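Engineer: Chain residues, written in single-letter form:
Number of protein chains: 2
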Amino acid sequence: MLPQPIQQFVRVFSRLPLLGPRLATRLALHLISLDRASFQELKNALIQLEALDRCPRCFFLKNENAKLCDICADPRRNPRIIAIVEKETDIMSLEKTHKFSGHYLILGELPEKGVLENIQKSRLQHLHARITQELNGMTDEIIVALNPNSFGDFVAGIINEEFKTGAKKITRLGRGIPTGGEIEFADEETLGSALERRI
Amino acid sequence: MLPQPIQQFVRVFSRLPLLGPRLATRLALHLISLDRASFQELKNALIQLEALDRCPRCFFLKNENAKLCDICADPRRNPRIIAIVEKETDIMSLEKTHKFSGHYLILGELPEKGVLENIQKSRLQHLHARITQELNGMTDEIIVALNPNSFGDFVAGIINEEFKTGAKKITRLGRGIPTGGEIEFADEETLGSALERRI
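Top to bottom, those sequences are chains Y and R. Be aware that the first sequence starts at 589, since it is given in the working numbering, and climbs by one per residue. Be aware that the second sequence starts at 589, since it is given in the working numbering, and climbs by one per residue.
Accuracy of the hints is not assured; some may be wrong.
No copy labels: a pair is met if it fits in one copy or bridges any two.
Said to hold, decoys possible - In silico SDA-like links for lysine to any residue, alpha-carbon gap of 20 Å or less: (1) 684 with 777; (2) 631 with 595; (3) 687 with 771; (4) 709 with 745; (5) 684 with 592; (6) 756 with 731; (7) 684 with 599; (8) 631 with 607; (9) 709 with 751.
These are calculated hints, taken from the structure and not from any lab test. All values derive from a computational prediction rather than experimental measurement.
Input sequences plus hints: build the corresponding full structure.
Structural biologist: Put into structure tokens, the structure is as follows:
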């Protein structure tokens, strides 16, 4: 009974893990009720996301025409300290503390089950290559900035094993963060001391 | 630190009442991680919403090139029974019951405060004109299908007053205990109506 364009919108948008059919329907109805200028602004904002790309070095986001992301391209940052994070929002949270001026590697969202997916394995290999080619095979520090839960611990174990000859030290974020919590939701203070007291 | 297109996306999409900045950020990051075909599909679904319009008779949605919405255009439906609803999703809920084959009027979302906005007043006037022009000034029934709360009651009072000479009867949705509900948890008001309107 709803016109086909709405049905199509709901079908496509409710596939996104964050929405679901009810929210997608309400979103469609809200979008239709907007004036033309607001709608155009939303449409353009979506279209502009196409101009984004992943940094080939750390897998953070960059503009299509830039070679590296802003972080990798920043000469004031120390490339010998590398924080391994799960996702983009974790970088954003860590950056907000202003207590870290190293580089990153985004591992990609970890699966629920206790095995690494191919994408994560290949990104770790990529870090290996980066350390070999750019840092003569040895970096100063790898900070495993994964959520402090049992799967994070498991992946930290893998990283410890794989990089024991490629990093002078391998640390984790201090357990200022409550076990079972998520980096994304930690306040800056907690996250800051977790960085200072990394173990 | 996030590239400008994401910041812009978050700025624009977090203005939507259903999203907010955190969800908008996660949505942007998710959209970027999609493959090109899925992204195009989402983009096209959004763009297609532009091809929608409101039905000039009941204010439900219709395709741009259709004269009326599917409901108003359906000759099997009875135009002399008109349900006044707040929003599109209410029509969808009522249609799912398969127990109503009349027409509708969408009033638009009622404000929090106890006064009708101009859009609602003009839509009621519009219904007046519809009854005068299409139904010789008198319709069989107006069903006030507004949420059963005190503001719904207030608006129902206004509608009663305005259409007392334009409708043979004006009804509201029956009140009682929802199917599957429990007497123990019903509030007094609901239980009172259930007693008064027992079947």
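Engineer: Which holds for residue 684 with residue 592 at a C-alpha limit of 20 Å: within a copy, between copies, both or neither?
Structural biologist: between (44 Å within a copy, 17 Å between copies)
Engineer: Could you place residue 709 and residue 751 in one of the four classes (within, between, both, neither) given a Cα distance threshold of 20 Å?
Structural biologist: within (13 Å within a copy, 70 Å between copies)
Engineer: Could you figure out if residue 709 and residue 745 sit no more than 20 Å apart (CA to CA) within one copy, between two copies, both or neither?
Structural biologist: Close inside one copy (14 Å), not across copies (66 Å); limit 20 Å.
Engineer: Since the copies are identical, ignore which copy is meant and state whether residue 631 and residue 595 lie within 20 Å (CA to CA) inside a copy, between copies, both or neither.
Structural biologist: both (18 Å within a copy, 14 Å between copies)
Engineer: Using 20 Å as the alpha-carbon threshold, which applies to residue 687 and residue 771: within, between, both, or neither?
Structural biologist: within (15 Å within a copy, 50 Å between copies)
Engineer: When no copy is specified for residue 631 and residue 607, does a C-alpha distance of 20 Å or less occur within a copy, between copies, both, or neither?
Structural biologist: both (18 Å within a copy, 16 Å between copies)
Engineer: Can you give me the call for residue 684 and residue 777, within, between, both or neither, at a CA distance of at most 20 Å?
Structural biologist: within (10 Å within a copy, 51 Å between copies)
Engineer: Is it within a copy, between copies, both, or neither that the alpha carbon of residue 756 lies no farther than 20 Å from that of residue 731?
Structural biologist: within (11 Å within a copy, 76 Å between copies)
Engineer: Please sort residue 684 with residue 599 into within, between, both or neither, judging by C-alpha distance up to 20 Å.
Structural biologist: This pair counts as between: shortest inter-copy Cα distance 18 Å, intra-copy 36 Å.
Checked against the numbered hints given earlier, this structure breaks none of them.
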